[in-house]
Each structure stands twice: as structure tokens, then as C-alpha cells.
Amino acid sequence: MMEEEVTLYKNVCPRNCFSTCSMITHVKAGKVVKVVGDPSHGFTKGKLCAKGYGYSQYVNSPERLKYPLMQTKRGSGNWQRITWDEAYDIISEKMVALRNRHGSNQSLAYNKFSGNLGLLHFAIEGLFESFGSHTKPVGNPCLGTGRQALKYNLPFEYSPPPEEMAYAKLVVIWGSNPARTNIQQMKFIHAARDQGAKLIVIDPIFTETAKVADMYIQIRPGTDGLLAMGLTKRLVDSALVEEWELRKQISGWDHYADILRNLDMKEVCEETGVCEEAIAELTSLYGTRTPVATWIGYGLQRRKMSVQNVRAIDALVTVSGNRFIKRGGLYYFHPEVENMPLKILKDNNQKNEQNREVNINHFASELLKLDDPPVEFLWIHSRNPLSQDQNIREWDRLMSQLEMVVVSDVTMSHTAKMADIVLPATTQFEEMDLHVSYWNHWLSYNQKAIEPVYEAKSDLQVARELAMKLNEKQPGFSRFPVELEAKDWIEKEVTDEVKENYSIKSWQDLIEKPAHFRSQFEEFQQILKAKPKPFTFFSKKAVEDGLSPFPIYQRDRENANHPFLLLTPQSLLKLHSQFGQVDWFEAYESSFDIKINREVGKQIGVETGDVLVVYNEQGDMEGLVELDASTPKNVVIMNQAGKEPVNALISTRLESYPGKESPELSSPFFDIYVSLRKGGVRR
Amino acid sequence: MILQYGFLFQPDRCVSCHSCVIACLNEHRQTTKQSFRRIVDVNGEYNLSLSCNHCDSPECFRVCPENAFSKRRDGIVDLDQTRCNGCGLCLTACPYGALQFNDLLKKVDKCNFCSDRQKLGELPACVDACTTSALLFKNDIHSDRPYMQRTVLTVDGFYSPLLTRPSIRFVPMEKKRRYWLKE
Numbered sequence: 012m013m014e015e016e017v018t019l020y021k022n023v024c025p026r027n028c029f030s031t032c033s034m035i036t037h038v039k040a041g042k043v044v045k046v047v048g049d050p051s052h053g054f055t056k057g058k059l060c061a062k063g064y065g066y067s068q069y070v071n072s073p074e075r076l077k078y079p080l081m082q083t084k085r086g087s088g089n090w091q092r093i094t095w096d097e098a099y100d101i102i103s104e105k106m107v108a109l110r111n112r113h114g115s116n117q118s119l120a121y122n123k124f125s126g127n128l129g130l131l132h133f134a135i136e137g138l139f140e141s142f143g144s145h146t147k148p149v150g151n152p153c154l155g156t157g158r159q160a161l162k163y164n165l166p167f168e169y170s171p172p173p174e175e176m177a178y179a180k181l182v183v184i185w186g187s188n189p190a191r192t193n194i195q196q197m198k199f200i201h202a203a204r205d206q207g208a209k210l211i212v213i214d215p216i217f218t219e220t221a222k223v224a225d226m227y228i229q230i231r232p233g234t235d236g237l238l239a240m241g242l243t244k245r246l247v248d249s250a251l252v253e254e255w256e257l258r259k260q261i262s263g264w265d266h267y268a269d270i271l272r273n274l275d276m277k278e279v280c281e282e283t284g285v286c287e288e289a290i291a292e293l294t295s296l297y298g299t300r301t302p303v304a305t306w307i308g309y310g311l312q313r314r315k316m317s318v319q320n321v322r323a324i325d326a327l328v329t330v331s332g333n334r335f336i337k338r339g340g341l342y343y344f345h346p347e348v349e350n351m352p353l354k355i356l357k358d359n360n361q362k363n364e365q366n367r368e369v370n371i372n373h374f375a376s377e378l379l380k381l382d383d384p385p386v387e388f389l390w391i392h393s394r395n396p397l398s399q400d401q402n403i404r405e406w407d408r409l410m411s412q413l414e415m416v417v418v419s420d421v422t423m424s425h426t427a428k429m430a431d432i433v434l435p436a437t438t439q440f441e442e443m444d445l446h447v448s449y450w451n452h453w454l455s456y457n458q459k460a461i462e463p464v465y466e467a468k469s470d471l472q473v474a475r476e477l478a479m480k481l482n483e484k485q486p487g488f489s490r491f492p493v494e495l496e497a498k499d500w501i502e503k504e505v506t507d508e509v510k511e512n513y514s515i516k517s518w519q520d521l522i523e524k525p526a527h528f529r530s531q532f533e534e535f536q537q538i539l540k541a542k543p544k545p546f547t548f549f550s551k552k553a554v555e556d557g558l559s560p561f562p563i564y565q566r567d568r569e570n571a572n573h574p575f576l577l578l579t580p581q582s583l584l585k586l587h588s589q590f591g592q593v594d595w596f597e598a599y600e601s602s603f604d605i606k607i608n609r610e611v612g613k614q615i616g617v618e619t620g621d622v623l624v625v626y627n628e629q630g631d632m633e634g635l636v637e638l639d640a641s642t643p644k645n646v647v648i649m650n651q652a653g654k655e656p657v658n659a660l661i662s663t664r665l666e667s668y669p670g671k672e673s674p675e676l677s678s679p680f681f682d683i684y685v686s687l688r689k690g691g692v693r694r
Numbered sequence: 198m199i200l201q202y203g204f205l206f207q208p209d210r211c212v213s214c215h216s217c218v219i220a221c222l223n224e225h226r227q228t229t230k231q232s233f234r235r236i237v238d239v240n241g242e243y244n245l246s247l248s249c250n251h252c253d254s255p256e257c258f259r260v261c262p263e264n265a266f267s268k269r270r271d272g273i274v275d276l277d278q279t280r281c282n283g284c285g286l287c288l289t290a291c292p293y294g295a296l297q298f299n300d301l302l303k304k305v306d307k308c309n310f311c312s313d314r315q316k317l318g319e320l321p322a323c324v325d326a327c328t329t330s331a332l333l334f335k336n337d338i339h340s341d342r343p344y345m346q347r348t349v350l351t352v353d354g355f356y357s358p359l360l361t362r363p364s365i366r367f368v369p370m371e372k373k374r375r376y377w378l379k380e
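Those sequence lines, one after another, are chains A and B.
The first sequence begins at 12 in our numbering and counts up one residue at a time.
The second sequence begins at 198 in our numbering and counts up one residue at a time.
Isolated chain A, as found in the complex:
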């Protein structure tokens, strides 16, 4: 029997992940049969993570949403299949009615974050822009605090191409676990080690990355800034750096040097839990090795005072002479998505009206407060807030008050279950798209490898078709250019500037292989040279924001009611709440839900495999506990995306800074305190 021919396509993993891997998709008889890495991508280099190798199961999963569905009585589970035309009819009817009722589009809102980072997934935002002023989320719940922190110390953002980490002589990772969240980076780190570099991991959790590190330093959560200050003090004390040079480079240096001189190292050790010997060893490495690559993880900036921790680490990197250095530097975030033209979003804002903006960190509670007009229609796409947002209880309240909720997703998520209309979304294999990464500097093109599964549609297709329907009902409702297809938007997006930045002649060049951003190193070096004292250790902006002017550690407030800090890192085989439908992964997921220190377990009277209840004012969750020797005694670890969302324990309104709620700051997901008690016997 002749085997049916396999055709290869190039796809890009659109998940909220550092790597944004290029993939080669094997398609047979119109089905994705296998997905592997793409060797033409300089960061991916032909490899994928475990989740990536499971994509054939993701796209072909029986759990995929197949048709548009309507739920009679929200949350009842009383679903009924409807046609796309019926869905558009119901949605457009409501949108037009609301506009007419309120004389404005501001009762129409959407919520989207990082479910699919493809640039054409801004189509729904573009559609809302095309109505005129509406209600939209702003901000970044994930990594904003660290960004803001770095901006106090330096006026521009630069995270070097991560491939260059392979040439560093020392790699220091503060609070990141690439073994789980950025596996592609490990090969560059190992390459550096092959050339004699050392890998240092500083983390409260003994992660898989920590296990392979040359040196692992366990630290009390939230005290990284104090350790960084201790290291900086030792660097200066031991004359491994020249103070007169620092004075020339850093505004506020003398003040900062004074603060360091008065720093009591005994207190540093006590508060961070890091011994003097470790500090001495790391000081010597920072002081004698060059170049040093320092990586600040997002996990480190999820507490209220972590803005100061990031500033203090940045100060250490600056003082050690590694802030701007070839083959070293500070790694945090590559802000390319903001530098792209995003035509599909911005070109549709033709009326240039001011939208009503809502802080994404407090979206549900803020939306509930709005009147004149109140928000009555909500469209949720590329997001699962009822599992992943910080204030799930407020979301429940919001959902019960809206007139219409539309959710588009790939599977029936926690959020989709609360919608009136659910629209089946395409995966990256079923649509064309363009991708940049927030870590590596590559631009890659995603081909359409297969026809949409069942009746799934891309965001762009939905935007086009709904715009037509709206205009039928009320001419001129939307100015979304319905005639433009994905290919046209990609062509528009790859402007002359983009072509120049990525050294390509046209977007079609990306079909063959992804393109890399030109080197920005010299450009930033020039800016630094032109500016007297380019580094700021005395920030007026920080003072305005209610912080210390200096990059110094400020202690987090503990919670008097609950003794344990809850940390909720990523699961290995999920990304936030995604990938749950891949049955290949079930056998490899940990059978435990909660991890605590063995001695704490002994005190509570639980052993590995027992049921433990984790609770606070927000509610309680139970799960099977695993005891270990390495988890800090005041820490409880629960991975994200268990069967029930752990974020239910975070259902409270959290400030990003003390007294400050800015959409530009991260949600302080690691500022949650809980208590523990032994659970009953599980059947």
C-alpha cells in the first residue's frame, strides 16, 4: 500500500513562553501527524520542549471545541450547537442594541492577554478599535514590575540576544527555572560551561535548574535585593571594582556607597538565609570573571516589594561592570512586540478616539464599578481569567452581571464554561501569523498547515465576518477592512523599517527561515557614552512612585494571619492553564499537588501522599502532599493549572507596589499567605 505523502510546513509556537520556537509540522491527508523543531531557527536549533513534541495531540484532541455553542443560562451547562451565522447574528444584535441604548460603544469591552501571542491575534482588538471608543484592558500582569524597576536605573530597555549567553564566563540566574520554562536557553548555558563558565542559581526552590548548577544558593523568598546589596558591598570592600570609575558612571553613587558601608553583613545573612561563605564565593566570581550574564527571572518580581529587589540586582550588575558588556549583560525582557507596527490594531483606530482603559490586574472589579455607561458586553479571547487571574471571585460576580459574554478558545476552558456564546478558535496550525519573542530576537512566520479543524475560525476571520454582519445591521458600525486577508496584514506588518531591522527584502523571506534583529549593542553603547552618569542610583521617578530613591532592599510585609507563603510556579507539561487536553502528558505529571518541607509535614501530622488542606480567607483547596527536605519551612508550593485553579486562593485585590496600583506593574502572585491543616482520607 502506498503511504500517503507527508507535506512539511513551518509553524511557530504562540504560547506565552520565552522561546517562541519555530517548528516543522508533518501533515498527512490534511492532518497534523507530527511536530518537530526547526533547525533554521537560531535559538530553537531544531529542538522543542516536551509540550511542543505533544502538539499533534493538542491539535487533534477530541476536547477541541468544534462548533459555535450557545449556553442557555450562563454556567448551566445547557449547551446547544449553533451556526456561525446565528452566533454572529446574536452577537451583532446585542452590540448594535447596546450602542443605541447608550449612544456609545463603551458598554462593549474585551479582555485578552497571552493565550496566543501571534501578531494577527490582535485582530479582535482591531475590530473593537474600528467601532470607536470602547472599553479595553491595559497593562501587563506578568512581568511589568521588573521592567519598571529596571527603568528607574536606566532610561532604556535592552536584553541581549540570549544566544550570547554561550560566551559568558559566569551565568547567574536569579529566580528563574529555565529547565521548566525556557528549556531552549539551557543549551547556551551548557555551551558556556563547556568553555569553563560557572552556572549559579539563586532560588528559594531547589529546581531542576538548581540541581545542575555549579553553585546553588537557596534564599528566603523576597530577599534577593538584600543579597545583591551584600554582594555589591563586598565587591566594593574587596576593591574588585574601582570606586572612582563608578562615581563617573552612576548618579547617586556616593549616597549608595554610604548605604552599603552601613550595611550589616550579619543581618544580610540572617535575613536572606544565605551564609557568609556563599556571599564571599559569589562576590569573588562577580568580581573576577568577565563577562558575566545575569538573568532576572519573572518569579522574582511577583511580590509587592520586589521592584526594589530587581533594582538592587541591577545595581550589582552595574557595579560589577557587567550591565553593558559584550557577551554578558542583564537579561530580562526583549520588548519587541511593542516596537512592531501592530498595524492590525493601530490602523483600525481611525477615529482616534480615547478608549476607556481598565487596569488588567483588577479588570473584573474595575469593570463592575463602571457606569455611564456600564459594561454590558464582554468578549474574552486568548485568555482564561477564571483560572488564571488574581481575583476569580470578582470575575464570578462580573460574569453574573453582564448581558452577554462571548469567549473564543480552543477547548472548553473554565472561562468558556461561563459564557453565553463560545466560539471555536483555530490553533497556530490552522492560520497564518507572524511572531516575535520577548526573549530571543527572532522574527518568524507561521504558515497555515491545515484547514481549520471542524468549524474553528481564526480571530482575524471572526473579526472580518462579524464586521460585515455589524455593518449589515447598522451601516458604518465597523470600519474594519473586511477585504484584507491574513497575507495582506502580514505584508502590511512587515514595513520598510521591519525589513531593515531584520535584514529581509520581503515577508516572503521568512518562509525559508526566521530573521534576526540587527545588533543594537553599538547603538546603546553610543547612548551610554554620550550621557554623563547614565546609570541612576538616585531616582526621582521612584520617589514619585512612593519608593526609595535608591536601589535598596525593602522588606515585604508578612501576613500575621497565615504563616506560609504560597508559591505557584508553572507545571512542567502545562503552560498556565493550557495543554490540559494532551493525554500523552498524564502519565508524567506529578501525582502530588502540594509540596512542603518534611519537618513542617511532621508538625502537621501528614506524610507524603496524605491529603493536605491549604486555606486562607479566600477559601480552601485540598490536594495530595509531597514532603521534601529542600522546600523552605515557610513555603508551600502548588503548581499552576491543577485540576482546580490554585488562583482561587488569590482571590483578593492585591497592590503591585505598596499603595500603588498601576497597570504597568505585575500582579503580585507570590504575595499570598496560607495556613495548612491535615485533610480527611481521600476515597
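Keep in mind that a hint or two might mislead.
Stated by the list, open to error - Cut-off 30 angstroms, straight-line C-alpha distance, at most; resulting in silico cross-link-like pairs (DSS-like, lysine-lysine):
hint, chain 1, residue 1, chain 2, residue 2
1, B, Lys372, A, Lys180
2, A, Lys198, B, Lys372
3, B, Lys316, A, Lys39
4, B, Lys316, A, Lys585
5, A, Lys337, B, Lys303
6, B, Lys372, A, Lys39
7, B, Lys379, A, Lys613
8, B, Lys230, A, Lys459
9, A, Lys503, A, Lys56
10, B, Lys303, A, Lys45
11, B, Lys316, A, Lys198
12, B, Lys335, A, Lys56
13, B, Lys373, A, Lys209
14, A, Lys56, B, Lys373
15, B, Lys230, A, Lys689
Hints were generated in silico from the structure; no laboratory data involved.
Please arrange chain B on chain A, whose structure you already have, making use of the hints.
Using the frame of chain A, we list chain B on its own:
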């Protein structure tokens, strides 16, 4: 030429990312629902990624009443499933627990070193997927090569190689500095 395909494994590189495990499933998805490879956590200290070791004197070969196993000239321990009666003797005989029972076929199943890929000059799927280079492929694992001096036949957590002479070598772990929280 008689060869012995084998694995060279560096525990210091393995971060338990499971790419190899899932890439194996991805490769053999048409015939099995279980990966032929698994990650073993050794005392919480390091990880081993293990599959069939294509031993020089395989126990599976010795105990099989149907003579379903064969040792190829390239060293691959091959299972002829048409001969397998599903008795499962080999499952318990293998000291590495490397064989699976395939519920779909009601027969034993095992890693065949991706022999179909090897015919095309490709690496086994697991090795190809290993992004940290913890798992490497060697054509003739125990022959005299530059890596011989720095590799060993076993590490803690791996069953003694004396019985079956598995076709795997290890790069010994380096001493690491770990500073635990002072509480």
C-alpha cells in the same frame, strides 16, 4: 562491521524536561501510547533518562520462550512482535525495567533505537530532541574513543552493568556547591 549503538548520558546536563520522553511518543505514536523512555530521579540529586540499553547480553533475549528477541549487527536488541505471545517474562527479567506491555497489541513493546530513522541517517528521536545534550548517540559505545577516559559504565541509581552489559556510558557528575537556607 559489527557495531554497538549506544547512549552516552551526562546526568549533569539533564534537567528532567521530558522532551526525550515525549519526542519518543511523537515518533512511535502510531503503535503505542507509552513512551519507551522515562526519567528517573535519583535521590532528588540528579536525573537519568533511560530506555532500552540494547545490552550486549540482554536478559530479555535469554528468557523469552518464543525467541522473539534478536541482537542485530549494529547492536540493536530487536523484538519480533509476531513471535511475542505476551507472556511478560521479559518484563520482569530486564533489570532496567525497559520493556513495556502494549495494551493495544497485547504484546510486549520496546525501544528499537529508532531503527527506521537510523536507516535514513537520522538520530534516534530522543537524542534528536535533547536540547541540553545530556543524551547523546554513539555508533560504537564501548570502543576506544576520546570520550572513554571521562566516562564510566554506571552511576548511582543505575542497575549494575555486570549482568547484561548495557550499551550506555555516563559522564560522572561533578561536585556541586549547594548552600542551603540557614533557618
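Self-check item: Hints the structure fails to honour
Solution: 4, 5, 6 and 15
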